[in-house]
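Peer 1: Listed below, chain by chain, are the residues.
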Amino acid sequence: MRPHRVWKATAIVGWVLALALVALAILVNTTALGERTWLRVLFGVSALNFTLRAAIPLILGAMSGILCERSGIINIGIEGMMLAGAFAAFVAKTNTNDWPLTTSLLFSTLVAVGIGGIMGLLHATFSIRFRMDQIISGTVIIILAAGISAYLFDRDAVAEGKFAPIAIPLLSQIPVIGPVLFAKPLLTYLALILVALLHVGLFYTRWGLRTRAVGEHPRAADTVGIPVNRYRYMNTTLGGMVAGLAGGYLVLEAVGQFQEGMTAGRGFISLAAMIFGNWNPFGAMGASVLFGYTQALQNELLLAGVKTVPRHFISMLPYLVTIVVVSGFVGRVRPPAAEGKVYETEGGE
Amino acid sequence: MDTREPILEVRDITKVFPGVVANNRVHLELYPGEILGLLGENGAGKSTLMNIIYGLYRPTEGEIRVRGRPVTMHSPKDAIALGIGMVHQHFQLVPVMSVVDNVMLGSESIRGPFLDREAVARRIQEIASRYSLEVDPYAIVEDLPVGVRQRVEIIKALYREADILILDEPTSVLTPQEIQGLFQIMDLLRRQGKAIIFITHKLKEVLHIADRIVVLRRGEVVGEADPQTASQASLAAMMVGREVMLVVEKGPASPGPVVLEVEGLEAVNDLGEPALRGVSLQVRAGEILGVAGVQGNGQTELVEVITGLRPATGGRLRIAGQDMTRASPRQITDRGQSCHVPEDRHAYGMVGAYPVAYNLVLNTYYRPPFAQGLTIQEEAIAEHARRLVAEYDVRTPSIYTRAGSLSGGNQQKLVVAREFSRPIQLLIAAQPTRGIDVGSIEFIHQQIVAKRDQGVAVLLVSYELDEIMALSDRIAVMYQGQILDVLPAEEATRERLGLLMAGVHPQEHTAAGLST
Ligand SMILES: Nc1ncnc2c1ncn2[C@@H]1O[C@H](COP(=O)(O)OP(=O)(O)OP(=O)(O)O)[C@@H](O)[C@H]1O
Ligand SMILES: [Mg+2]
Numbered sequence: 001m002r003p004h005r006v007w008k009a010t011a012i013v014g015w016v017l018a019l020a021l022v023a024l025a026i027l028v029n030t031t032a033l034g035e036r037t038w039l040r041v042l043f044g045v046s047a048l049n050f051t052l053r054a055a056i057p058l059i060l061g062a063m064s065g066i067l068c069e070r071s072g073i074i075n076i077g078i079e080g081m082m083l084a085g086a087f088a089a090f091v092a093k094t095n096t097n098d099w100p101l102t103t104s105l106l107f108s109t110l111v112a113v114g115i116g117g118i119m120g121l122l123h124a125t126f127s128i129r130f131r132m133d134q135i136i137s138g139t140v141i142i143i144l145a146a147g148i149s150a151y152l153f154d155r156d157a158v159a160e161g162k163f164a165p166i167a168i169p170l171l172s173q174i175p176v177i178g179p180v181l182f183a184k185p186l187l188t189y190l191a192l193i194l195v196a197l198l199h200v201g202l203f204y205t206r207w208g209l210r211t212r213a214v215g216e217h218p219r220a221a222d223t224v225g226i227p228v229n230r231y232r233y234m235n236t237t238l239g240g241m242v243a244g245l246a247g248g249y250l251v252l253e254a255v256g257q258f259q260e261g262m263t264a265g266r267g268f269i270s271l272a273a274m275i276f277g278n279w280n281p282f283g284a285m286g287a288s289v290l291f292g293y294t295q296a297l298q299n300e301l302l303l304a305g306v307k308t309v310p311r312h313f314i315s316m317l318p319y320l321v322t323i324v325v326v327s328g329f330v331g332r333v334r335p336p337a338a339e340g341k342v343y344e345t346e347g348g349e
Numbered sequence: 001m002d003t004r005e006p007i008l009e010v011r012d013i014t015k016v017f018p019g020v021v022a023n024n025r026v027h028l029e030l031y032p033g034e035i036l037g038l039l040g041e042n043g044a045g046k047s048t049l050m051n052i053i054y055g056l057y058r059p060t061e062g063e064i065r066v067r068g069r070p071v072t073m074h075s076p077k078d079a080i081a082l083g084i085g086m087v088h089q090h091f092q093l094v095p096v097m098s099v100v101d102n103v104m105l106g107s108e109s110i111r112g113p114f115l116d117r118e119a120v121a122r123r124i125q126e127i128a129s130r131y132s133l134e135v136d137p138y139a140i141v142e143d144l145p146v147g148v149r150q151r152v153e154i155i156k157a158l159y160r161e162a163d164i165l166i167l168d169e170p171t172s173v174l175t176p177q178e179i180q181g182l183f184q185i186m187d188l189l190r191r192q193g194k195a196i197i198f199i200t201h202k203l204k205e206v207l208h209i210a211d212r213i214v215v216l217r218r219g220e221v222v223g224e225a226d227p228q229t230a231s232q233a234s235l236a237a238m239m240v241g242r243e244v245m246l247v248v249e250k251g252p253a254s255p256g257p258v259v260l261e262v263e264g265l266e267a268v269n270d271l272g273e274p275a276l277r278g279v280s281l282q283v284r285a286g287e288i289l290g291v292a293g294v295q296g297n298g299q300t301e302l303v304e305v306i307t308g309l310r311p312a313t314g315g316r317l318r319i320a321g322q323d324m325t326r327a328s329p330r331q332i333t334d335r336g337q338s339c340h341v342p343e344d345r346h347a348y349g350m351v352g353a354y355p356v357a358y359n360l361v362l363n364t365y366y367r368p369p370f371a372q373g374l375t376i377q378e379e380a381i382a383e384h385a386r387r388l389v390a391e392y393d394v395r396t397p398s399i400y401t402r403a404g405s406l407s408g409g410n411q412q413k414l415v416v417a418r419e420f421s422r423p424i425q426l427l428i429a430a431q432p433t434r435g436i437d438v439g440s441i442e443f444i445h446q447q448i449v450a451k452r453d454q455g456v457a458v459l460l461v462s463y464e465l466d467e468i469m470a471l472s473d474r475i476a477v478m479y480q481g482q483i484l485d486v487l488p489a490e491e492a493t494r495e496r497l498g499l500l501m502a503g504v505h506p507q508e509h510t511a512a513g514l515s516t
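Protein sequences appear in the order of chains A and B.
Each residue of the first sequence is one higher than the one before, starting from 1 at the first, in the numbering used here.
Each residue of the second sequence is one higher than the one before, starting from 1 at the first, in the numbering used here.
Just chain A, same shape as in the assembly (with noise of 0.2 Å):
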């Protein structure tokens, strides 16, 4: 079968599968079969918003990778942009703890993701304009984003408050689905909102029929009139701030406070989900979902004081996920074919 086909029948097995999932949660919630402990740590409505939450940085993550990648720039500093983002919002928050809350997290927000835009815009710059390998400049991105947060991390100052949940008339009182998904705080309200959004305009939109023409065959768009090389700075920009939105949902919603390194990795998980999940929005959710559950498992596991198990062996259950899903299923995704590659027109000038 084409790759286009077996995506097509794994997309439909995804879906087939999230929603047994739904439902399987759904009864374990609601019906005696909860009083099986081990059921209520698999799928209680404690390990299921512990998964959303770890879930939500990586699918602005792997967001931030397809953006990218679907115009043909790979990413690897998908991490720096995140932390620059997070740092970004923590120093925003702190500078305004006096004004109205909502309104310095709401600047907050618009601080990290301005930040993040320009870490996007600094990577297409040096890939496009300095022809720098892609991997080295978005290494060189990560290296920047460390260093610099750890130079100016003001270790005394507090940010104060954080995104509160926000309930959903209605919709939240569906048993178990309306707490974990319907009474939220804004910004994961905001991150599930935009993997259907960049789903619309991938496969919808004239953006999307153009920047996936760019990521996949520059010099077909060439030949259609659509300037390439504009395609690629723009949506590497708009890349950097969906990220930076990572990083501040880091601070602003889920910890509330700012630490050295504090991304811890998930850059380069969300990376993981974007190839897991095709380099498809959706997919690419369903992936970062897994792994986010992984991590509830964990955590859940240790709560419940499994021993039978050493807890270091529990504790790696998120990474080795991540590397068997990884190495499973890379020779069999498809990336965008001109992923990597300088555009040069041929003209010469």
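Take these hints with a grain of salt, some might be off.
Listing some non-contacts, in silico: residues in chain A with all C-beta distances to chain B over 10 Å [unchecked claim]:
no.: 1; residue: 14
no.: 2; residue: 17
no.: 3; residue: 53
no.: 4; residue: 148
no.: 5; residue: 154
no.: 6; residue: 172
no.: 7; residue: 173
no.: 8; residue: 174
no.: 9; residue: 175
no.: 10; residue: 209
no.: 11; residue: 224
no.: 12; residue: 226
no.: 13; residue: 304
no.: 14; residue: 313
no.: 15; residue: 340
A partial selection of chain B residues facing chain A, derived with a Cβ cut-off under 7 Å [unchecked claim]:
no.: 16; residue: 74
no.: 17; residue: 76
no.: 18; residue: 80
no.: 19; residue: 92
no.: 20; residue: 94
no.: 21; residue: 96
no.: 22; residue: 101
no.: 23; residue: 105
no.: 24; residue: 106
no.: 25; residue: 108
no.: 26; residue: 111
no.: 27; residue: 115
no.: 28; residue: 159
Source of the hints: derived by calculation from the structure; they are not laboratory data.
Using N, Cα and C, we set each Cβ at its ideal position, and we do this for glycine too.
Starting from the known structure of chain A, arrange chain B with the ligands on it as the hints suggest.
Peer 2: Showing chain B with the ligands alone in chain A's frame:
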């Protein structure tokens, strides 16, 4: 001559690339409702000129006029707006996208914020029925055969309402049947008043379809010809600047021992479907076995199995008496002393980003004199390259030029030069002259015959019946993964081969012959 206004005028166009003058003060006029045949050797500057007209390259000097007005083009967008469409020498389609998406790319039809795929599909159907260009708008391009992809390219141009259509070597990848279809379409377009520039290396084709012929040599227009009065020989002489032998001279073969032996070979294609269903054949030293057949009947897979690029799922392969069924490509090249001119030069024949010199040692770089111990001997490689470039007349600014920037035909010569320059006993050539000009075809054909006379066993796969008939001592016809029949060259008439290629079995054929 024509009293109408030309729709396109090229005036004094010069284009200089680093080290090459690709076009030198070129003059060209194109009138509505005509097909202009453009001929020229490899590297004569045909594609460059077309890319200038299409706004992809900017001319160093000169002027282009469209409908009488001078125009400056900054990108293909401007050319498209002026009604110029181009089908490129190498297709410019995104393989993973549907026909609809490819057609509208860059000129999208929009409803609200969304792409209006239905509207585009309707337009495609309209164009398709008007010019009989059958295609499924929702098919994915990579699933389509080459001939249909080309139709998509033409639809792409017509969708943008092009009146000036540039076809850069559209026939070099097509089967004879597909070429006939293309000619019908071109004729229809001409009658609708479109102006077409048609580039090809096949003289028969221009004589058949063009209204006027212009010949380029080394970047300059060297003359114009009238297809009514011109002949293949006169055109060839004009292109190359000397008399060209269009038919290879070869004496009778003196076959020796069997070199290549294939028995009941089976293999699957990329989609996992059976492609070879028990192929058996033998090639002796000092003879040329031609494999004829319509493209897609297992020829590609056969060559890939024999060169070790594709595993056989059944049967045996022996080269010079040694079993090579599971051998690697390098073992086959080394121990089998064989060489391979691949069908797809971009995928298997060369590394576009490498300089010409390295491409000439791709399969010998690890052996003396090109390597001593662990180190590469740059001087030996350079010398080897200089010699081959001269000997095979590869037109390149230098041996350190990126192979990918050579003209299509010169890339092919590069591959041939590398493969023919080693001591060999088996030569596997798939479409060895695809995209090559008549002068170079003559040369390569002579080389193939010379190899045969030196006692090399030659397996020649070609979709061009002319080439097969000109070179082969015996002709095998492939149909749906099997060898239908093997004929001695003397008995192989065009009609007999044609019937076999269409899958009419010899027995049925004689039966049919008896009944009439
Ligand atoms: N982008 C480029 N950079 C440098 N040199 C180039 C470039 N494109 C073409 N050339 C050179 O310009 C000359 C003309 O090439 P062109 O592709 O126009 O030839 P052509 O007539 O189309 O030949 P063919 O029949 O082999 O396709 C060649 O010598 C080629 O090496
Ligand atoms: Mg050309």
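Peer 1: Now look at each hint and say whether the structure bears it out.
Peer 2: Right, here's what the structure says about each hint:
1. 14: Holds, because the least Cβ-Cβ distance between residue 14(A) and chain B comes to about 19 Å, which exceeds 10 Å.
2. 17: holds, 25 Å
3. 53: holds, 32 Å
4. 148: holds, 36 Å
5. 154: holds, 44 Å
6. 172: The claim holds: residue 172(A) sits with its nearest Cβ about 30 Å from chain B, beyond 10 Å.
7. 173: Fine: 33 Å to the nearest Cβ keeps residue 173(A) off the interface.
8. 174: holds, 30 Å
9. 175: Correct as stated: the minimum Cβ-Cβ distance to chain B is 36 Å, above 10 Å.
10. 209: Answer for residue 209(A): violated, closest chain B Cβ roughly 6 Å.
11. 224: violated, 3 Å
12. 226: Non-interface label fails for residue 226(A): nearest chain B Cβ at 5 Å, not farther than 10 Å.
13. 304: With a cut-off of 10 Å, residue 304(A) remains clear of chain B, as the shortest Cβ separation is near 46 Å.
14. 313: Residue 313(A) clear of chain B: closest Cβ-Cβ about 40 Å, beyond 10 Å.
15. 340: The assertion about residue 340(A) holds, with a minimum of 13 Å to chain B.
16. 74: violated, 10 Å
17. 76: Since the shortest Cβ distance to chain A is 5 Å, the answer is holds.
18. 80: Cβ of residue 80(B) sits 6 Å from chain A, so the hint holds.
19. 92: Given a least distance of 4 Å, the restraint on residue 92(B) holds.
20. 94: With Cβ-Cβ at 5 Å, under 7 Å, it holds.
21. 96: holds, 6 Å
22. 101: Check passed: Cβ of residue 101(B) comes within 6 Å of chain A, closer than 7 Å.
23. 105: holds, 5 Å
24. 106: Holds - the Cβ of residue 106(B) comes within 7 Å of chain A, reaching about 3 Å at its closest.
25. 108: Where the cut-off is 7 Å and the nearest Cβ of chain A is about 5 Å from residue 108(B), the hint holds.
26. 111: violated, 10 Å
27. 115: holds, 6 Å
28. 159: Interface hint status for residue 159(B): violated (10 Å vs cutoff 7 Å).
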